[in-house]
Amino acid sequence: MSNTIRKTALDRKMDRLLALEEQGQLKTNLKSRAFRKILANKLAVLGVVLFTIIVLLSVAAPLFTKFSSTQLDLRSMLTAPNETHLFGTDQLGRDIWARMLYGGRISILVGFGSAIGAALIGVTLGIYVGYKGGWLDSIILKFSEIFMAFPQIIIILIVMAITKASLTNIVVIFILTGWPSMYRMTRSQILSIKEQDYIQALRAFGIGDLKICFKHMLPNAIGPIFVNITLSTAMFILQESALSYLGLGVPPEVATWGNILNIVNGRFDYIQQYWWLWVPTGAMLTIFILAINFIGDGLRDASDPTQLG
Amino acid sequence: MFNYIVRKLLGMIPMLLVITFLIFVGIEMMPGDVIDFLIPMDELARMTPDEVNQVREALGLNQPMLFRYFSWLWGIVRGDLGYSMQNSVAVSKLLLDRLPATLELSIAALLISTFLGSFLGVISAIRKGKIADNVLSMAGMIGVAIPQFLFGLVCILVFGIYLKWLPVGGRFLPGKEAFFERLEYLIMPAMVLGISMTAGVMRYSRASMLDSMNRDYVKTARSKGLSEWKVNLFHGLRVAYTPVMVLIGFRLPMLIGGSLVIEQIFQWPGVGILFTDAIRSQNTPIIMSVGLFMVLIVLVSSLLVDVLTAVLDPRVKLS
Amino acid sequence: MKRIVLIIASLALVVGMLTACSKPAEPTEPEVVYTNPLQDVRVRQALWYAIDWETITDTLWNGNVTPAPKSLVPEGEWQASGLTDYSYNPEKAKELLEAAKWDSEYVLKAVYYTGNLLDSITAIQAYWAEVGVKMEFQLLTDNLTVQLWTPPADKVNGPSEVDWDIAFAGTNALTLGEYYLRYHSTAANNSTIPYDAELDRLVEVIKTAVTTEDQKAAFNAMQKYVNEKVYTLPMFYLPSWIATSDKLDMKGNEAGNDQFSYTKNILDWTIARDDKTMYTNTGAVSALEHTATNPGLFWHQEIVFDRLINASPALVPTDGSLAESFTVSEDGKSIEFVIRSGVKWHDGVDFTAEDVKWTLEYYPTIPGANALMTGVFGDIKAITVDGNKLNVEFNNVQPTALTIFSQWAILPKHKLEKVDPALFSADTFWQKPIGTGPFKVQEVKLGQHTILTRNNDYFKPGTGNIEKIFMYPSTDQGDPNLVTNALAGTIDYAFVKDAAQVEQIRALPNYTVDTVNVTFTRYAFINMFPRKE
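Residue numbers (our numbering), protein chains in the order written: chain A, 1 to 309; chain B, 310 to 628; chain C, 629 to 1161.
Hints are supplied without guarantee of correctness; some may be wrong.
To be verified - Here chain B is said to cover these stretches of chain A; the calculated rule only asks that three of the stretch's residues, wherever they fall, bring their Cβ under 8 angstroms from a Cβ of chain B: (1) 140 to 152; (2) 229 to 242; (3) 279 to 289.
Stated by the list, open to error - List of simulated lysine-lysine pairs, BS3-like, C-alpha gap at most 27 angstroms: (4) A:Lys42 / B:Lys439; (5) C:Lys722 / C:Lys698; (6) C:Lys1073 / C:Lys972; (7) A:Lys42 / B:Lys437; (8) B:Lys473 / C:Lys875; (9) C:Lys1073 / B:Lys402; (10) C:Lys857 / B:Lys485; (11) A:Lys164 / C:Lys762; (12) C:Lys857 / C:Lys720; (13) A:Lys66 / C:Lys762; (14) A:Lys164 / C:Lys737.
Since the hints were made in silico from the structure, they are not lab data. Quick reminder that beta carbons are idealized off the backbone N, C-alpha and C, glycines included.
Chain A on its own, in the form it takes in the complex (with noise of 0.2 angstroms):
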């Protein structure tokens, strides 16, 4: 639950600037510009490996484990790996690797959707408004800086009492924690984008404002958006396994990677002498946020012009 980094009166001018520069050199080959960087950039395809890697191995779990993460064998529980439990059974005799797979699902879920759809929300907002201006735009704003300063505990705690935990639940109160930052992102380029003189070309045709707004301007800022539905990504992963692992998350029967870390909370006997119990599975958790975030510097790096080592 680490606090959503504010913008600050820096950030916002270091994003004008960073804008105002992206818009001087815009080239037609920025894609393949960046796509070539991307390349280059060694991390970045590390990250893209490895990414894909848990990705397949979770949506098509049934093909790489026979077992499946709700089946129990109590008589052959917390069994050490073996041939037959590649990281041996916790302790309702449930094969882990089969519920890190499946885990792996819901957990990329819950990231990918919380930050997809705080996207969806912020930089539609942040578009629109932000180009519109006025009430409406200092309205959101307001309503923006309202969500920010809101201790996130107590939305999770009193959404999650109110509608019962579950995993839309969840995916909800990530998407309302997450978008004004998106929101903010987006608005802060588009303000400066707007000033530019396609644009007042563009109105003095007399084009339509929805038509501007997402068709001449989202793919202006779509670099920095990417970037950050990427960190998101892994960041809303960090914050779903934080607060299962402190049982206020997803309902302890849905395996989610930190359900399955769960178990060793407090029990520092199942630490000790079972380490499958929490060590594959926290690896795994691990190497899928550091492969998200090699990603999104890559993307960082590509999309920014400025950068150009």
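Starting from the structure of chain A, add chains B and C where the hints point.
Below, chains B and C alone, put in the same frame as chain A:
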């Protein structure tokens, strides 16, 4: 500058009102009330509605919602944070009991992350592209990627259980409460919290060091024949404090609010757990007053960040 | 999910109707139409047969708990003989379900509220799935009483006021009556069992049985009846544990049921620590818990206060404590206590019979006080004080009266008489309570520690050396930091309720763990009222 600050401070008042009101409405909407936590469920089940009402009446829960919100607000205006519904203890006392632990942990973590982060960040920038940079950047990336609770578990296992260098949890041994006696209890949580924050500082200071190294005035300094290490030292120091200030600003809310994950894992008696427990037991006075504090700190620290960056960086103007 | 179930269910219904129509009606005995499939006793029996409790208790609980295949009452002199044994028998379960025409698409909704049942419930889910019964479960976190125990307005037909089929719960009983009184159709917390004349009669018999033989007969009859009807589903018996460090010598005082109050003679205990401090748990989290509900779950309730009568570790009332002696009248309706003189409250004020009288009158007025206790004290007709003699006269014979007098602490009138009973539990008195007991409260740091010191003026001086008791905070659910403290060796006496914790402490060389058999049965409530919607 002064006008800006005053304007911003005044602007906070409506924000605070809106947020506290939203929190209040949220608590109201939560199913059940504090009585569920005051009286064990088996006994509650045997109580008649009249008896439940009697307790509700005595706690003032039967008053209209708006009345209760404004009487809480009136209390705040008079400097009265209210009393816990569970034990009639003043919220200010409960908060003051927990604050030392929280402050101790946060400040230690802040110091660790600041010094370690800016030091490593500057080194990484100076040695850009070299092995040191790659290793440090990689370590930083892992530091960001590993969940705090997992990192904490690993540390407990290694330093607490196997090596037995440090205690696995708690804040002090009973009767040994002097700072140096309880220092060993602080090390692990402060390190885990600090190191998980270090990566952020490192990235920040590396970027801003690189940024300033590419600036014309640094190039000028270098072309003038100033020795490389002098340039680095001078600009390294200059560059380091901006992220430090900004980071302190970001972390101020945590200074007061505590870090729930760390407090849970290391059984650290901080504000985070007090606050979470209060929300779960719907102890409105605690939630409202501690919540107000937390919101206030978030707002003030973001203002502080704005002001500080403006003071430190002449290119930024406050508007 | 619900919608899918609904669609499938309605599809199944249509298909069923079509097939039913196509077949010529066979002349069969008239089938009972159940509005809730759990009303069919065969289904309830099948649910019991389907779970392998031997395996669950063996593996998930490391053999620390005992399966309950027959009754809520643990095996022993109080368990009825000749009860049907519902040990694991999946074939029988399938047969019963088939006979009851169980709809395999029906999804049972289960709820629970204690986290340590999660693994067991997950296992139950798997066992039920094997016999073709689907179950989904959910943790309840708030408004528990309303969500669990709201009885329906119509005790015969329902509909149910609660939104679940199965509730996994448990009762830590002081008397066996606590298990069965709630089966009565008028019980305020009977949310699951529809009106049953025979059941009501059996509860009445339990309520009025006075002698031990009568009580045994009453409980036997009840156990036999519900064993066949399966109104609740017993799971297992949970003992409690007392862990002591090798630094503590309890001088032959045995470990007992620490959920309640029993005489520990703590002033005789010795501790091998230089600071003469004994470390334990059950310290204050938000207050030192009051004595109206749990009489002895927390240390301070037992040793800061005194009761009129002492109790043995098995909670049998023994000799007098604050009462030097007591006599029960012939008709069993009144008790005369001789109040001890010369006893002082911790603040120096004299303890008198007035305090006792006031306490007995005050307790039943507290909303949310223990029902067993209010049942007894609330039935008091008159209390007469004559010097140091105090006579309590009841309206009815109260078989549990002596037990209650041996559990509930006597409180200082001069400190509490102005406190609104509704706010009794939240009063600041409980930040630093004053009693007559062998230890006094010295310092309370909420959520951090509580320190008690020896009361040198106690009326029954001891031979031990413990000067201070340092308590780590715990809630009624237990002490989350217990294992950490045991690992560090900084706890000497701990009441352990959690089987996972006891496993870890048992592994430590410098700790002894005593298992205490208490009447704490985990069982599932089966909601037989038709569900709403």
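Status of each hint after checking the structure:
1. Counting residues of the stretch 140 to 152 of chain A whose C-beta sits closer than 8 angstroms to any C-beta of chain B gives 7, which meets the bar of three, so the coverage hint holds.
2. Residues of the stretch 229 to 242 of chain A lying with their CB closer than 8 angstroms to a CB of chain B number 4, which satisfies the three-residue condition for coverage.
3. With 5 residues bearing a CB less than 8 angstroms from a CB of chain B, the stretch 279 to 289 of chain A meets the requirement of three and the coverage assertion stands.
4. Distance check on the hinted pair: Lys42 of chain A and Lys439 of chain B sit about 15 angstroms apart at the alpha-carbon level, within 27 angstroms; holds.
5. With a C-alpha separation of about 20 angstroms, the suggested pairing of Lys722 of chain C with Lys698 of chain C holds against the 27 angstroms cut-off.
6. Under the criterion of a C-alpha separation no larger than 27 angstroms, the hint pairing Lys1073 of chain C with Lys972 of chain C is consistent with the structure, at around 26 angstroms.
7. Simply put, Lys42 of chain A and Lys437 of chain B have alpha-carbon atoms about 16 angstroms apart, close enough for the 27 angstroms limit, and the pair holds.
8. About 21 angstroms separates the Cα atoms of Lys473 of chain B and Lys875 of chain C, which keeps this hinted pair within 27 angstroms; it holds.
9. Simply put, Lys1073 of chain C and Lys402 of chain B have alpha-carbon atoms about 11 angstroms apart, close enough for the 27 angstroms limit, and the pair holds.
10. Our distance criterion of 27 angstroms between C-alpha atoms is broken by Lys857 of chain C and Lys485 of chain B, whose separation comes to about 59 angstroms.
11. At roughly 21 angstroms between alpha-carbon atoms, Lys164 of chain A and Lys762 of chain C fall within 27 angstroms of each other, so this suggested pair holds.
12. Distance check on the hinted pair: Lys857 of chain C and Lys720 of chain C sit about 16 angstroms apart at the alpha-carbon level, within 27 angstroms; holds.
13. Straight-line distance between C-alpha atoms of Lys66 of chain A and Lys762 of chain C comes to about 22 angstroms, which keeps the hinted pair within the 27 angstroms bound.
14. With a C-alpha separation of about 15 angstroms, the suggested pair Lys164 of chain A and Lys737 of chain C falls inside the 27 angstroms cut-off, and the hint holds.
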